[in-house]
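Following the hints, put chain B in place on chain A, whose structure we already have.
Number of protein chains: 2
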Amino acid sequence: MERIAIDMDGVLADVYAQFSDWHYKVTGIRKRPEDVYGLKEMEAFPDARKYVYTPGFFRNAPVIEGSREIMEALNDRYEVFIVSAAMEFPQSLPEKQQWLNEHFPFLTWQQIVFCGSKAIVKADIMIDDHFKNLDLFSGRTLLFDQPHNHLAPDGNHQRVFSWKEVGGFLL
Amino acid sequence: MERIAIDMDGVLADVYAQFSDWHYKVTGIRKRPEDVYGLKEMEAFPDARKYVYTPGFFRNAPVIEGSREIMEALNDRYEVFIVSAAMEFPQSLPEKQQWLNEHFPFLTWQQIVFCGSKAIVKADIMIDDHFKNLDLFSGRTLLFDQPHNHLAPDGNHQRVFSWKEVGGFLL
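Going line by line, the protein sequences match chains A and B.
If you read the first sequence in the working numbering, its first letter stands for residue 1, the second for the next number, and so on.
If you read the second sequence in the working numbering, its first letter stands for residue 1, the second for the next number, and so on.
Same shape as in the complex, but just chain A (with noise of 0.2 Å):
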């Protein structure tokens, strides 16, 4: 059974949508995504680094459309592995599990890694937004399309803007 390690900030959770209503609470301003293409999420929201601080950050962001559906069915023909590094905030540990016991119950301990480099990570395919995640992987790689990336070039990784087309390549 093939292995696929997937990533969850930027993949599973919305972090971008967060940030956005964060900062619109905030400041009132709204930014979308196009106003933010190609900038890292501390260049995009200046106050990023003090919400990534604030309990509740991780644990209330949005699940991305269809992610859990295709999930579920990944869940069933992979050995499925969410690997996020999360090491960077320690406090966000027993939120993004909690998260995931909420919106993918179907997971159990076991499929959980919470990492700082992926270098580690031995897997077959690999799902993530972030290329010096992907660019490490020796395996098949999708980049999951969000606003930070969405301007580079796709270099080795095949691009994919849904979960809908993470469920058309591997299902």
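To be clear, the hints were calculated from the coordinates, so they are not data collected in a lab.
Some hints could be false.
Just so you know, same-sequence chains aren't split out, so a pair can sit in one copy or run between any two.
In the DSSO-like style, the derived pairs of lysine-lysine whose C-alpha atoms are separated by at most 30 Å in a straight line are [to be verified]:
(1) K31 <-> K164
(2) K164 <-> K40
(3) K25 <-> K40
(4) K25 <-> K122
(5) K31 <-> K50
(6) K25 <-> K50
(7) K164 <-> K50
(8) K132 <-> K122
(9) K31 <-> K122
(10) K122 <-> K40
Predicted model, so just to flag it, every value in this text is computed and none were measured.
Relative to chain A, chain B alone:
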């Protein structure tokens, strides 16, 4: 640079001693290593499952003799990752990270991995006290001697009885 995946409980953190101390405090009975040879911790200490869910259990575990010095030397010569199957006990995640920060301050958050199954670990060398982890691993394996594995045959693994011995093999 070769990569080493190093377990926490039973390799860096002396959870056997912690179980034994907590059991002594509750019951007045001191179980020595030889009293629990070959027993899983949950068999050796009837309230073990309660202890591991109690705040402070992991945060205050003793450090295994010699581990800090040898780890610091390994960290200069290898790509070191701490890999702990901590996901079963979510409340332990921040405690384990704080424990590492206190006792192994030369390690960065990039080097820490909290997972469920260790099947996903890609490294050259693994140091662990559990056969279930070492048996899945295709690289070089060091079995760290602990009461629970003490009576089992070594299998394909190199058994080590101390961090001094780890240093002898790897430095």
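Status of each hint after checking the structure:
1. K31 <-> K164: For K31 and K164, only the intra-copy Cα distance (25 Å) is at most 30 Å; the inter-copy one is 57 Å.
2. K164 <-> K40: within (25 Å within a copy, 45 Å between copies)
3. K25 <-> K40: Answer is within; shortest intra-copy Cα gap is 20 Å, inter-copy 52 Å.
4. K25 <-> K122: neither (40 Å within a copy, 42 Å between copies)
5. K31 <-> K50: within (18 Å within a copy, 48 Å between copies)
6. K25 <-> K50: within (14 Å within a copy, 42 Å between copies)
7. K164 <-> K50: neither (33 Å within a copy, 43 Å between copies)
8. K132 <-> K122: Result: close both inside a copy and across copies, 16 Å intra and 17 Å inter.
9. K31 <-> K122: neither (37 Å within a copy, 39 Å between copies)
10. K122 <-> K40: both (27 Å within a copy, 29 Å between copies)
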